[in-house]
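S.K.: The residues making up each chain are set out below.
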Amino acid sequence: MSFFFFPLFAKNHAVSIRNYGVCGCLISGFGVKGFGLAGKISDAKVILNGGQRVTFLGPGGYFSFHNVPAGTHLIEVVAIGYFFSPVRVDVSARNPGKVQAALTENRRALNELVLEPLREEQYYEIREPFSIMSLVKSPMGLMVGFMLIVMFLMPKLVENMDPEEMRRAREEMTGQGVPSLASLLPGAQRN
Amino acid sequence: MAMAIRVFLLLILFMSSSIPGFSLFEDQVGLMDWHQQYIGKVKHAVFHTQKAGRKRVVVSTEENVVASLDLRRGEIFWRHVLGSNDVIDEIDIALGKYVIALSSEGSILRAWNLPDGQMIWESFLPGSKPSKSLLSVPASVKVEKDNVILVYGGGCLHAISSIDGEILWKKELTTEGMDAQLLFRPHGSDVIHAVGLHGLTQFGAYLLNAKNGELLKHDSTAFPGGFSGEISFVTSDTFVALDATRSTLVTISIRGGKISFQQTHVSDLVQDFSGMAVILPTKLTGIFAVRMNRLIVFIKVTDDGRLEVVDKKDHVAAVSDALPVSEGQQVFGLIQNEGGKIHLTAKICNDMRANLLEESIEMDHHQRGLVHKVFINNYIRTDRSHGFRALIVMEDHSLLLLQQGEIVWNREDGLASIIDVSTSELPVEKDGVSVAKVEHNLFEWLKGHLLKLKGTLMLANPDDLAAIQRIRLKSSEKSKMTRDHNGFRKLLIVLTRAGKLFALHTGDGRVVWSLLLHSLRKSAACEDPTPLNVYQWQVPHHHALDENPSVLVLGKCGYSPDALGVLSIVDTYAGKELNYLGPLHSIAQVIPLPFTDSTEQRLHLLIDVNKRAHLYPRTPEAKDIFLRELANVYWYSVEADNDILRGHAVKSNCILEVADDYCFDTRDLWSIVFPSDSEKIIATVTRKLNEVVHTQAKVITEQDVMYKYISKNLLFVATVAPKATGAIGSVTPEESWLVVYLIDTVTGRILHRVTHHGSQGPVHAVFSENWVVYHYFNSRSHRYEMSVIEIYDQSRADNKDVWKLVLGKHNLTSPVSSYSRPEVITKSQSYFFTHSVKTIAVTSTAKGITSKHLLIGTIGDQVLALDKRFLDPRRTVNPSQAEKEEGMIPLTDSLPIIPQTCILQVFDDKNKFNSPQSYLPLSIGHAWGVLNQEGMSFVLDLA
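Chains C and P supply the protein sequences, listed in that same order.
In terms of the UniProt record's numbering, the first sequence has 78 at position 78, counting the first letter as 1, and numbering is strictly consecutive.
In terms of the UniProt record's numbering, the second sequence has 398 at position 398, counting the first letter as 1, and numbering is strictly consecutive.
Careful: at least some of the hints might be erroneous.
Under 8 Å between C-beta atoms, here's a sample of chain C residues computed to sit facing chain P [as the list claims (entries may be wrong)]:
#1 Ile47
#2 Asn49
#3 Gly51
#4 Val78
Below, computed lysine to any residue pairings styled on SDA-like, alpha-carbon distance capped at 20 Å [claimed, not checked]:
#5 P:Lys868 x P:Lys884
#6 P:Lys480 x P:Val512
#7 P:Lys97 x C:Gln52
#8 P:Lys723 x C:Ser42
#9 P:Lys847 x P:Ser768
#10 P:Lys129 x C:Pro69
Rough simulated footprint, nothing fancy, chain C against chain P, three-plus residues with beta-carbon under 8 Å [claimed, not checked]:
#11 75 to 82
#12 118 to 126
Please keep in mind that the hints were generated in silico from the structure rather than gathered at the bench.
Note that beta-carbon positions come from the ideal geometry of N, C-alpha and C, so glycine has one too.
All chains should be built: construct the whole structure from the sequences, respecting the hints.
M.R.: Okay, structure coming up:
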């Protein structure tokens, strides 16, 4: 996700003596990636003080609130697919037009009211892409694997046996003839 | 070797099972979930049909929504919900591509791009004093000349460039106290006319230069009789108003810079008229419409200023604005209601005799009520004659498009304003339902199978595929009309502001039936019916299984607290109003009692403003039950204005002039008076009455047990400093505090009190079992916080001793009473929470076994599901091994926001989550169909 940085737009229209405007800009990769799963820029909203006022984003992601009284305010951004931290905005009463902003989530001060999403949100569980390992890990794959081990690895083990021992074993087996149930039982060796 | 294989196998098994099966995959959207979008009752509509391509209608609604709708199907292209105090005044289309919306009493003007709903510009228009707000957008599409939007608001006239929203000039008109009522600009001229009233006696007219706002001329003349308020446009130099008595029409004409008045008695025009006349706010040319009692009279103003009645219409429901059809010809639409039909007529303003269009449409007025508004639009037929389509807004807030005598589409936009919700069980499946009943007929059945065959052979086009999907959904288990084994499928009974009751199926959200309630329709006895609540009236089970379930719908006539109440009882299977009563006594409070009669009808106590209790149902049996339980009926009331809580109980029968056995006098048991100068009640919450608690004990680590203090009578009250009742940031942390109480409502005893310094509202809280979770704003850290209080019963703590249990020295069988002084301990903890919250609810299940989740509706119109374990006051930073085994989550300072557990949806802020169906994905909303499985399990558990 790429970010476009716009110049800071904390310009303040002094509307009356005590009320100021708060303008800001939202930055995100909306235009780049926004159209698929995630929301569009036109669906994003900026909310002042928990619903006291709602505004929308203009082209380029600009927003503004007019007639904001001096004091401390909270700006929240709602954009489907992105997580924005709420922003604490202090509108100064002493220095007209001075606005200070800080993210409340990580207490980072913003020297410009330029907001960017902290992260993208993935609402859906992502399907595992196809991989050989997933095939192998499946019960079917495990069964096939076990079979292969028996078919190819076991004969190898037999091959590596000492030929002398092998001959003895074979002799023993022929000497016994058809193996009976008794000979397979433990203790049959003794007689 | 074998060992190694076994280990490997186990490892693989572990790996494959460690993938969390948490939420929904993207391609599963729409299989288990559904969403619906609504906009609300339409206030204004502007058609956009000139160009080829998509035909649209742009609407603004009473729910502060601006939306662009597809004119062919009625679907929403885009939709914006403005802030709750940003009421839309007017909308229009400028330059053929921008939707212009004026809102907040003419102080905010926004332009949205018509195709995609992107905001293009926003202008703030500072005014000096409140006034009417008017919007005038030039009709021509030519950019080079007529690109100026005129806005009158806040006593000032603004000219705004429609390209970038820049304010070109501003002119204050209120210097002499005039409030402009009409704003117009004769075609092709550079002069703006503004006419209005100074007070109610003086008529004023301004002429302004459109280029720079220079005042060219200003006339004003006093009218001795005084005006009633509104002025209606007839021609650019003739206006009509009513005098203060509303019995005389005043024709105002401006000739040669002189204003002259001419008075005509209404009774001279219409014989035997008495009462009040009202000029309809329609913008017709040459004529105007006056409503007199039930009659609408169209009156023409002749050149010499005389009035002439041209037409009288009865049963008129609505009149549209004038629509310019061709050069010099204007047409308006008229809707008349008659019996089960509505008649749509299109007439030419200049020639009232001829009707361009006459259509009748069958419309059941019991279902949709009367027509409230009509908007018309024209199109050119293939034979070059004019055709008309009409958009009508009905009494139930639904929106319909009529064309060629048929309803092309309809939208149930009443569902945008849901007042209350209840649930109803579906009927039990009867054995032996024949196939013929399921498949409507053989042809349908064959067609379905043919479609499916096409689908498998990959011959189906997209339309067919959609049809197959529909059939599949229809036949799927979840949308059946019968009760399932676990009781997951239900009907949602939704009461809307229009007084209409809808039954929605939880499986797919379709409307099973809808009913405009008789008791909540406007009548002579009940002028302004407002719906209040829905309660479950009869929930049949056991011996009364054959009865249909029913709900009780309450409303009142008017908005004042002592307005008379009305009530209806509605069968939820048939969708029929069984009974309605009203207007009765006022309704201040409704108490569903935990008693039912032999037919499973629940007893309800309605408290009126005189503190009398009225018992329903009004049957001797119900009265007997009630009298038997009289000593155990308690309730409380909150006087938020005076910051007083009161507890009440029933005393005796009322002493009235007319004896009423079902009316009872009440007495006050206790009261808690909060100090008004330091505490103001902002929130009260209790437990849901129907909540089931599975276990009273909570097993904690080391095989220890804590006993939950579970009482139906616990009340959570939050108070704040009086200064801190305003919005966030309106008060310094030093001046704000939040005090939280847990109060027993039988005795009025305060069980717990905690103060959060530096905190303020709004407070949203939810109470369940023995805990309460509340959300508030901490102005010190300038973040939202959520706190949890759990309350435990200490008097039973001794019962842990096995020997005592064995020897029978326990107090487990002693009754839990509010009168015994409880020894309770509380545990609490607070966490930061990122978002503003509109509402909080908790999941509830039939037996209360499933672990609880909080459902949090955030300001961003999303619903988050948060495990209650995150709000466990025993969380510590480093949980011990035993605590970890118990599933305790290490303490963090803030609560996590996990997008996968987000049941994304939008809902109206007035909607509360209501008990068993904590999830409410309809209403004004665009719900992203992202119900994850966890969400799904809630729905399964509860809905």
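S.K.: Against each hint, give a clear statement of whether it holds in the structure.
M.R.: Going through the hints against the structure:
Evaluation of the Ile47 (chain C) hint against chain P yields a held restraint, the C-beta minimum of about 6 Å falling below 8 Å. About 4 Å separates the beta-carbon of Asn49 (chain C) from the nearest beta-carbon of chain P, less than 8 Å, and the hint is met. Among the interface hints, the one on Gly51 (chain C) holds; its C-beta lies about 6 Å from the nearest C-beta in chain P, closer than the 8 Å criterion. Interface hint status for Val78 (chain C): upheld, as the beta-carbon distance to the closest one in chain P is roughly 4 Å, under 8 Å.
For the given pair, Lys868 (chain P) sits about 16 Å from Lys884 (chain P) by alpha-carbon distance, which is consistent with the 20 Å threshold. At roughly 11 Å between alpha-carbon atoms, Lys480 (chain P) and Val512 (chain P) fall within 20 Å of each other, so this suggested pair holds. A hinted pair counts as satisfied when its Cα atoms are at most 20 Å apart, and Lys97 (chain P) with Gln52 (chain C) does not qualify at roughly 30 Å. A hinted pair counts as satisfied when its Cα atoms are at most 20 Å apart, and Lys723 (chain P) with Ser42 (chain C) does not qualify at roughly 37 Å.
Under the criterion of a C-alpha separation no larger than 20 Å, the hint pairing Lys847 (chain P) with Ser768 (chain P) is consistent with the structure, at around 14 Å. Of the supplied pair hints, the one linking Lys129 (chain P) and Pro69 (chain C) holds, its CA atoms being roughly 18 Å apart against a limit of 20 Å. For the stretch 75 to 82 of chain P, the stated coverage by chain C holds: 4 residues have a C-beta nearer than 8 Å to a C-beta of that chain, and at least 3 were required. Using a Cβ-Cβ cut-off of 8 Å, 7 residues of the stretch 118 to 126 of chain P lie near chain C, which meets the minimum of three, so the contact claim holds.
When the structure is compared with the earlier hints, violations turn up for hints 7 and 8 and for no others.
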